[in-house]
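Full structure from sequences and hints, please.
Residue numbers (numbering that gives the first Met the number 0), protein chains in the order written: chain A, 0 to 312; chain B, 0 to 443.
In case anyone wonders, no lab produced these hints; they're calculated from the structure.
Every value quoted in this text rests on a predicted model; they were computed, and no experiment measured them.
For each residue, glycine too, the CB sits at the ideal point set by N, CA and C.
All clues stand as given, with none of them false.
Covered by chain A, according to a simulated footprint, are these stretches of chain B (three or more residues, beta-carbon under 8 angstroms):
#: 1; region: 31-43
#: 2; region: 185-191
#: 3; region: 380-391
#: 4; region: 398-404
Derived DSSO-like pairs (lysine-lysine); straight-line CA-CA distance at most 30 angstroms:
#: 5; chain 1: A; residue 1: K286; chain 2: B; residue 2: K182
#: 6; chain 1: B; residue 1: K321; chain 2: B; residue 2: K85
#: 7; chain 1: B; residue 1: K223; chain 2: A; residue 2: K286
#: 8; chain 1: A; residue 1: K286; chain 2: A; residue 2: K175
#: 9; chain 1: B; residue 1: K268; chain 2: B; residue 2: K321
#: 10; chain 1: A; residue 1: K118; chain 2: B; residue 2: K182
#: 11; chain 1: B; residue 1: K268; chain 2: B; residue 2: K361
#: 12; chain 1: A; residue 1: K118; chain 2: B; residue 2: K225
#: 13; chain 1: A; residue 1: K30; chain 2: B; residue 2: K321
#: 14; chain 1: B; residue 1: K182; chain 2: B; residue 2: K225
#: 15; chain 1: B; residue 1: K225; chain 2: A; residue 2: K213
#: 16; chain 1: B; residue 1: K361; chain 2: B; residue 2: K225
#: 17; chain 1: B; residue 1: K321; chain 2: B; residue 2: K10
#: 18; chain 1: A; residue 1: K118; chain 2: A; residue 2: K213
#: 19; chain 1: B; residue 1: K223; chain 2: A; residue 2: K118
#: 20; chain 1: A; residue 1: K118; chain 2: A; residue 2: K286
#: 21; chain 1: B; residue 1: K361; chain 2: B; residue 2: K182
#: 22; chain 1: B; residue 1: K85; chain 2: B; residue 2: K70
#: 23; chain 1: A; residue 1: K118; chain 2: A; residue 2: K175
#: 24; chain 1: B; residue 1: K361; chain 2: B; residue 2: K223
#: 25; chain 1: B; residue 1: K182; chain 2: B; residue 2: K223
#: 26; chain 1: A; residue 1: K213; chain 2: B; residue 2: K223
#: 27; chain 1: B; residue 1: K10; chain 2: B; residue 2: K70
#: 28; chain 1: B; residue 1: K350; chain 2: B; residue 2: K361
#: 29; chain 1: B; residue 1: K268; chain 2: A; residue 2: K30
#: 30; chain 1: B; residue 1: K197; chain 2: A; residue 2: K286
#: 31; chain 1: B; residue 1: K10; chain 2: B; residue 2: K85
#: 32; chain 1: A; residue 1: K210; chain 2: B; residue 2: K225
#: 33; chain 1: A; residue 1: K210; chain 2: A; residue 2: K118
#: 34; chain 1: B; residue 1: K268; chain 2: B; residue 2: K350
With the Cβ distance kept under 8 angstroms, some of the chain B side facing chain A (calculated, not the full set):
#: 35; residue: R256
#: 36; residue: R257
#: 37; residue: A258
#: 38; residue: F372
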Amino acid sequence: MLIATASGWTVGDVRPLTRLNVTAIAEEGGKREIGSYGGGGRVTFDFFLQDERWRRFAGEAARQAVLKLSAVDAPAGSMTVVLGPGWPGILLHEAIGHGLEGDFNRKATSAFAGRMGQKVASELVTVVDDGTIANRRGSLNVDDEGTPTGRTVLIENGILTGYMQDRLNARLMGMKPTGNGRRESYAYAPMPRMTNTFMLAGHDDPEDILKSVKHGLYAVTFGGGQVDITNGRFVFSASEAYLVEDGRITSPVKGATLIGNGPEALTRVSRVGNDLELDEGVGTCGKDGQSVPVGVGLPTIRIDGITVGGTAV
Amino acid sequence: MNTDLLVSVLKRAAQRGATAADGFLVEESHFSASVRMREIENINHSREQRLSLRVFAGRASAAASTSDLSKDSLERVVDEATALAKITAEDPHAGLPDPGNLITRVPDLDLEDAGSDVSPEEKIEIARRAEAAALEADPRVTNSEGAEYSDRRARYAYATSHGFAHGYATTGFSISVAPIASKNGEMQRDYWYSNARKRTRLEEPEAVGRRAAARAVRRLGARKMKSVEVPVIFDPENAASLVRSIAGAASGPSLYRRASFLLDRLGTKIAAPTVTIVDDALIPSALGSRPFDGEGLATGRTVLVREGVLESYLLDTYSARKLGLESTHHAGRDGSGVSVTTSNLMLLAGKSTPEELIRSVKNGFYVTELIGFGVNGVTGDYSRGASGQWIENGELAYPVEEITVAGNLLEMLSAIDGVGNDLVLRDRTVAPTLRIGRMVVAGT
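Printed below as a string of structure tokens:
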């Protein structure tokens with residue numbers, strides 16, 4: 000791709016993007032379930048042959064599908080939830096990421112508008128958006144306006160510290176572009192978008208985090224999520240989750256949507272693991288009809304109270 | 000539309016060794032103007048051409064598409080697709096429909112506005128009027144994500160190597176408004192819209208703006224709820240999303256992958272007897288109408304569910320052959336390949352007014368917005384974020400948010416115990432107000 004700007008300079012880039020997704024269906028006694036797994040990034044096809052990644056993806060999809068055949072109804076109501084590392088970082092993307100995009104804050108339509116410098120998360124929480132990590136699905140050398148990507152600290156020890164900006168919104172807000180101006184293709188106008196959004200690791204052993212839960216949910220794989228920027232309500236849907244009883248993982252539960260309030264949900268993060276992982280590279284983010292590839296990441300965390308939308312009252 | 004270009008492309012594919020081929024050509028121009036807080040936010044004008052091509056080498060096939068319609072580019076696309084088809088594995092079900100089944104006369108469905116275009120200034124003014132009406136409707140409307148006017152003019156042509164070559168044209172117009180209401184630091188956004196094939200059939204911009212404002216304002220003061228199992232009423236917009244989920248599960252690709260909760264249920268009861276779902280492509284001037292499908296087959300009226308019984312799946316030629324059935328003429332051509340798509344998909348109206356449905360609920364939930372993707376098309380398991388109004392003693396009592404509604408689509412469809420009489424064909428997929436006897440609402 001080639002970007003030319005009104006100021007007269009041009010920048011070119013090569014952006015490979017590959018992804019392999021496997022979907023498996025398991026059947027038993029007339030019951031069917033689906034499992035899905037995949038990955039990729041700004042890599043070429045041999046990535047999937049390295050360490051037989053393709054085989055691991057297929058195995059994971061099959062394992063999930065078979066596991067879900069024995070899943071029990073998910074609980075309904077507010078409870079302690081432990082999120083596993085990696086892809087559950089979609090929580091950050093929905094709960095705070097979109098709300099910190101410059102356009103919504105320029106228009107004061109975000110639940111985070113005017114809250115810069117305020118506490119919006121537990122002090123254990125530091126969240127960054129980083130477009131510079133080599134070969135990740137959300138990474139870019141320069142954004143789609145030619146601004147070099149960077150590392151923007153969105154939340155530092157619980158305090159709101161940064162917005163993600165494109166050129167237009169940065170200029171209108173008197174701020175600097177952060178390398179987050181992105182567009183689906185030439186046919187669309189750029190706007191502020193995330194790159195790779197993740198929470199920095201803490202100090203807790205993930206096993207200790209699970210052991211600390213008397214009754215709750217342990218969610219390790221998610222489908223998609225969505226947020227209402229203005230009132231801050233966000234959802235993300237667990238596709239592989241387990242009940243936790245007396246610190247032990249017990250039955251797998253059916254998929255359920257988790258719902259929370261962005262400026263509030265991360266204030267209830269009580270434990271942060273030392274096991275930060277970035278996702279395998281499957282994320283696609285939609286905004287105003289434009290899709291762009293993104294990454295997320297999370298260490299194991301414990302949230303003391305988020306609503307789980309199951310059917311078991 | 001001139002189909003010569005398509006015909007020449009298909010001819011070249013044959014020369015390169017293709018045994019059959021078909022092509023779909025779209026020419027589209029689009030204009031949109033958005034206004035925010037009474038000032039112009041964006042003006043957009045685009046023209047686009049796309050040609051998608053399917054090439055067969057016996058039972059092997061390849062698909063390709065391009066937006067570069069120059070001679071060199073088209074020759075390269077054809078040559079590459081044909082070469083690719085020859086090295087692809089054979090699929091016994093691949094192929095074009097039987098040429099004898101292709102449409103011979105293209106019906107005029109009155110899908111094109113014959114009026115002349117209006118100036119960009121007039122279009123901007125429509126958006127401005129819609130937003131102004133929202134801002135002026137209520138002092139609590141304090142901000143706005145803006146209002147947009149847009150129009151689209153498209154021409155479609157389809158041709159096959161059997162000699163079929165036909166086309167049609169459509170127009171589309173739309174107004175949408177997204178105001179924000181606020182009170183005591185709480186902000187709530189909502190929206191309303193009007194879509195039509197003809198400019199004069201758009202609702203008045205002021206009416207759209209006022210409706211959007213009323214929807215945003217009624218969300219103020221939203222509470223959370225305790226988890227409870229209650230009757231749930233879906234307003235028409237959200238009831239339509241249930242119909243979309245059913246159509247997804249009834250579509251060929253979901254079925255032959257065995258990834259559908261409607262698998263093996265043809266001819267069986269899947270919903271309450273008050274539920275009839277129809278896909279009708281031939282309604283004059285309707286938003287989802289089209290004279291033939293993406294494979295040149297005549298479109299018509301398909302009864303998907305009749306009085307609760309699943310009567311038909313939604314199939315293109317490939318998925319039909321794979322399932323041992325006949326195509327229902329629902330092929331779509333969105334990307335480079337062929338998909339299954341609906342036209343005007345409707346859950347037909349019942350007898351109750353929406354007020355009667357609400358009055359019938361002592362304690363329950365009226366859904367006005369759903370978010371998230373918590374619908375499992377394989378099992379029908381359903382869990383989505385919701386907001387709306389709580390019903391107490393038959394009346395909308397107060398707004399609620401940060402809750403979920405959950406169940407299983409098959410159980411939900413069987414539990415429909417009220418169908419509204421308020422069906423309006425204002426979008427491609429529509430439903431009236433629906434009452435579902437019991438669902439789990441999860442909250443605090």
